[in-house]
Structures are given as structure tokens and as C-alpha cells.
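Asker: Sequence:
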Amino acid sequence: MSFQADFTEPMTRAERRMKPALPVAGGLPGRHQTWDETRRRIYMGIVIVGLLVQVTIWTLNLLRPHPDPVTLFSNPLFFAMSSWNLYWLYTRRPIEVVYLVALVVCGLVILARAVVTPLIGGPAMLTSLEDLYWLLVIVSIVSFLMLDYRRAIVVTAAFYGMGALLPWAMLALSGVSFAQAARLGQVQLLCAITLATLCSLSWYREHFVLERRAFELTHRMANTDALTGLHNRHALYPLLDALLERVEGGHPAALLLIDIDHFKGINDRLGHNVGDEVLREVARSLPRHLREDDIVGRWGGEEFLVALVGISADDAVAVAERLRRAVGSRDAPPEQQVTISVGVAPVIAGERLQACVSRADDALYAAKARGRNRVELSEVKAERNEETLLTPELFQDGEPAPA
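Per UniProt numbering, residue 1 is the first one in the sequence shown, and the count goes up by one each step.
Note that these hints are calculated values from the structure, not bench results. We put the beta carbon where it would ideally sit given N, CA and C, even for glycine. Please note that the accuracy of each hint is not assured.
What the hints assert, rightly or not - Calculated pairs, DMTMM-like style, for lysine to aspartate or glutamate (alpha carbon to alpha carbon, straight line, at most 20 Å): (1) K264 with E248; (2) K264 with D276; (3) K368 with E292; (4) K264 with E335; (5) K264 with E245.
Said to hold, decoys possible - Ranges of calculated distance between the beta carbons of each label pair, as one might list FRET restraints: (6) G229 with I193: 47 to 55 Å; (7) I138 with E96: 15 to 23 Å; (8) L189 with G45: 57 to 65 Å; (9) R151 with A214: 32 to 40 Å.
Let the sequences and hints guide you as you build the complete structure.
Answerer: See the structure below:
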């Protein structure tokens, strides 16, 4: 233990507060939705809205004096596809299948509208052709949601090329002059601008996601102990500062400083790989016996620090005993069995972090000096402001660890 060296040139509380902290309870993240689950809910919402829109469009088309034949054909197909997709998503099956089915159906409808509409002719022919570009925009949006940026660009370009070139070829074959179809060119240009905007937004979104992932990875690496996966000391400082503020507000708290007994001997006899595995096993054991709001991290070397929130000194000792028994009784090969010594320090309102950790460190030294594999409580008497070590026999459980 080298407590004094660790507090050389300590940061102020204000400086440490500026540094981001990880979630409490051993560095384990809370419950968050996965991206796949988020996508599934988004697509279910899109499909439900799409079903309502399709029913509305089909009904309005039937009420027209000259219903669009392609719409009469395509809307029931879209309705069947959407119903199947909704069932597929609801039963939590692979999302990619939904996209492939939608892509095939949309491709068939775009092809049918681009080829069949000019052959039908009539006054509503150009208006019917213009409608397919709304479908192109929808296909592009779904592609950028489902695929990576480059694949979405390929799909969007392929569908737009088919939807833009085929109508002109079919109009030329049907004898419609380019002057009559000038509005179609305007609609195609507007659609191209819309798709280009979607491509730009998707590019920015992808790069934002990559930068955010890189930031989160860097943040996690800076605040997590690489060996144990717990908070490192850098991450513990802002959490402990917040704990001190809660104590000043009248909430009791305590710090536990934990040290693995005879850890150097394990490294010397069995090697550092075994020592690292022992550290990982102890780190996995500690959070299992703590509450979600408690804080646990690796303080350095073979030392761990636990901060207990809203707990009295006696209860903190009970928690320390529970941790000591859990580590001592863990399932491990005989040569990897270890015990721990624990120093307990109730947090005093108005006390500096350094002073509180120092009291826990002194209690830990006392536990080591009195045979190891035990808990020692450090307490400050308010009336005399004197530090004392309370070591009732109740805090001992079993024989001291052999040297």
C-alpha cells in the first residue's frame, strides 16, 4: 500500500468534477436498448403508419372518376407485404429479411409503374408516373436506415436510374413528345435533389456515429481498469466527490479499502498470470454482494475501494464482512484461494476525500497488523475529533490468514 504517494499533487474537487464519470455499481452499465431493438420498434412504427396510408390511398383512388390501374394493383400488394412485415417484426425475427422483402416488392412496383403506365396512356399518365418518385424517396430512406452508407448509395442509385430512365424510354415508344413530358423532368430533378440531400444527411450521420463510438471507447478506456473491468482511480474521484456532497446533505456513507492478503506471494510462487486471474476473480466477486447504487473500483495494485451510500457504520462493517466471506469462500483452486483485509471508514460531513481515504487506509493497516483476513473500523469521535480504531471481536471471523 502506497497511499501517500498516490495523493501527490491531488486535483481539487472542482477539477475532478469536470471529468466525466461512469455509471456506479462496479462500472457495469445500466439497462439500455440495443440498436437492433430500437430499429425493430422504428420499423414497426413505419409499417403501421404505412398500412394506414395504403388503405387511405387505395380508398381515394377508388373514388376517382378514372382510378389509376397501377395503384389498384400495387396497393393490395403493399398491404400484404406490410402485414407480413409487421408479423415478422412482432415475432422478433431477423430484421434484414423485412428489408429484402420490401426492396423486392418496391422494385416490382417501380418497374411496373415505369413500364406499364406509359402503355396505358390517358390524361392521368404523367401524374401517375410522377407518383413513383415518392416511392423512390421512401426506398432511399429505408435503405439508409438498414444498410451502411455505401450499399445504401448503390441501392438508391440503382432504383433512381431505373425509375428515371425507363419512363422516358416508354414515353418515347408511346409517341409522347418530350415537350409534353417536361413536368416529368422537373419532378425527376426535384427527386434527385431530395435523394442527394438524404445521401448527405446519411453521410453526416454515419460519421457522427463513428466519432461518438470512438469517443465512448476512449472514455471507457480512460475510466475503466483494463484488467478487472471496474472503475479505475480516475473514474472514482468524481464519484467520491458526489458522495461527499451527499454526506454534507445529511446522507450517511462509508468507504471500504480492501487489500488481497499475501498477494505478492501469489505472484512470486505462481506467476503474474495467476495473480492477474486472482485480481479478476476478486473484482467479479465484489459487485455481486453490493447494491446497485454502491461504487466499487480498483484503487491500485491489489487494492479495491468500495463506497457505500446511505449506510451506517455498523451496516458498513456488516457489508465488509459479507465481502470478506464471499472472497474467502469463492470457488477456486487451492493455490488461488485468497483472503482479504478491509478497512472501514464512515464518511464525516465536511471531511476532505484525502482524510477519509487516509482513515480507511489506517484501518486497513491495522487489519494487516492484527493478522489479516479481518475487518477493522476507523471512526472519528466528534466531541474530541480524535481518530480511534474499533475492533470488537464480532468483526473477526475465523483464523488469520497464514503468512
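Asker: Does K264 pair with D276 here, judged by a C-alpha cut-off of 20 Å?
Answerer: Answer holds: K264 to D276 is near 11 Å, not above 20 Å.
Asker: With the threshold set at 20 Å, check whether the alpha-carbon distance from K368 to E292 stays at or below it.
Answerer: 29 Å, violated
Asker: Given the range 15 to 23 Å, decide if the beta-carbon distance of I138 to E96 lies inside it.
Answerer: Distance hint for I138, E96 holds at roughly 18 Å.
Asker: Between R151 and A214, does the C-beta distance stay in 32 to 40 Å?
Answerer: 22 Å, violated
Asker: Taking only the CA atoms, is the gap from K264 to E245 under or equal to 20 Å?
Answerer: Between K264 and E245 the Cα gap is close to 36 Å, so the pair fails against 20 Å, i.e. violated.
Asker: Starting from the range 57 to 65 Å, see whether the pair L189 and G45 falls in it by beta-carbon distance.
Answerer: 31 Å, violated
Asker: For G229 and I193, compare the CB-CB distance with the range 47 to 55 Å and indicate the outcome.
Answerer: Because 49 Å falls inside the window, the suggested range holds.
Asker: For K264 and E248, compute the direct alpha-carbon distance and say whether it is at most 20 Å.
Answerer: Since the Cα atoms of K264 and E248 sit roughly 39 Å apart, the hinted pair is violated (cutoff 20 Å).
Asker: Between K264 and E335, is the straight-line Cα distance small enough, at 20 Å or below?
Answerer: 13 Å, holds
The structure does not agree with the numbered hints 1, 3, 5, 8 and 9 stated previously, though it agrees with the rest.
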